[in-house]
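2 protein chains.
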Amino acid sequence: MRGLLIVISGASGTGKGTVCKKLLDDLPQVAYSISATTRAPRPGEVDGKEYYFLSRDEFNAWIADEKFLEFAEVYGNFYGTPLNKIDERLNRGEDILLEIDVQGALNVKRKCPDGIYIFLLPPSLDELKRRIEGRGTESPESLQRRLSNAVAEIKVGLEYNYVVVNDSVDNAADQIKAILIAERCKVERNRDKFL
Amino acid sequence: MRGLLIVISGASGTGKGTVCKKLLDDLPQVAYSISATTRAPRPGEVDGKEYYFLSRDEFNAWIADEKFLEFAEVYGNFYGTPLNKIDERLNRGEDILLEIDVQGALNVKRKCPDGIYIFLLPPSLDELKRRIEGRGTESPESLQRRLSNAVAEIKVGLEYNYVVVNDSVDNAADQIKAILIAERCKVERNRDKFL
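For the record, the sequence lines run as chains A and B.
Just so it is clear: in the first sequence, position 50 is 50 by the working numbering, and no numbers are missing.
Just so it is clear: in the second sequence, position 82 is 1082 by the working numbering, and no numbers are missing.
Just chain A, with the same shape it has in the complex (with noise of 0.2 angstroms):
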């Protein structure tokens, strides 16, 4: 069976980071997928292991060939996400693992749409909805504001295919853990089972 890809994503303070880190521990069958940067290796970087280190050249390159996945400048630096790596250890069976912002995940998934999307909600959007919905003391404008930005990732998160609250870690994990095994049960992942 060809590997998965899962994509984790969601907006910030929603847990990705510990989340990932959990299940990659847990599961020793995912990897973690290498991103290529154009910034200088730190002492005990090794290329192909922590990044793959590019020069601006290399990557503008890359770019130019659509080698990437989705990029991105960060405090004048360039990250990507290589296709051609991801495709071909998906090839091999491997499962690989992203963790990419927002609207990174949906640029992937354009490309990628046999991926697995997770957005991942912090527990306090029911919190956040009452309180905007709610009898407000903010002004008009701040509900409003507010509103807007909830609706903007309303439409965000509903392109994804799976969403799961990050009450706790090791309960945002378990689900997670779930819905690859539930992945892995899909009948368009097993037509090789019907002979």
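Since the hints were derived computationally from the structure, they do not count as laboratory data.
The structure displayed is predicted, hence computed values, not measured ones.
A virtual CB, placed ideally from N, CA and C, is assigned to each residue, including glycine.
Hints are not guaranteed to be accurate.
Facing chain A, according to a computed beta carbon distance under 10 angstroms, are these residues of chain B, among others [to be verified]: (1) 1020; (2) 1022; (3) 1024; (4) 1157; (5) 1158; (6) 1159; (7) 1162; (8) 1163; (9) 1165; (10) 1169; (11) 1176; (12) 1187; (13) 1189; (14) 1190.
Starting from the structure of chain A, add chain B where the hints point.
What follows is chain B alone, placed relative to chain A:
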């Protein structure tokens, strides 16, 4: 959240009944759907518990009113899965498990596309496949017939959502439990979480 309609099916000999019993034992929140029948109650059987006991005229009226998800005649008695009771219970948030034969399940799928359709495979299908594909000592006609039967099975199974190989009751039940957790995380079942 609306309850899950869980439909477990598979060719005879795949152990559907045993897997369903295990699930009902382990998951107290999942209820088994009570069928309607025209056969007479046996001593101790209670209307609305083991079955909904209907006269033949009542049963025909339910058919005419499209009250059945599916129905079939077995040894001169009619058995059917009532549609309205299931819908009521799903709307109350109950999860409902149906164990139905292969064709009956696909009839249900046409009426209830939001159900979860799980196809159980016997562990020996790979072996069967190898036997069919392998150097045969069977006559070409016999080989062709077996291949046709297998292809018919493919076509039916591919219309389901999930496939679970029943290599052991515990493994199969665990995979189905994971499928239920994953289904509850699907974005389309959690639109209320996005405001």
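Structure-based check of all given hints:
no. : hint : in the structure
1   : 1020 : 16 angstroms, violated
2   : 1022 : 16 angstroms, violated
3   : 1024 : 19 angstroms, violated
4   : 1157 : 5 angstroms, holds
5   : 1158 : 6 angstroms, holds
6   : 1159 : 8 angstroms, holds
7   : 1162 : 4 angstroms, holds
8   : 1163 : 5 angstroms, holds
9   : 1165 : 7 angstroms, holds
10  : 1169 : 16 angstroms, violated
11  : 1176 : 8 angstroms, holds
12  : 1187 : 5 angstroms, holds
13  : 1189 : 9 angstroms, holds
14  : 1190 : 5 angstroms, holds
Checked against the numbered hints above, the structure breaks hints 1, 2, 3, 10 and satisfies the rest.
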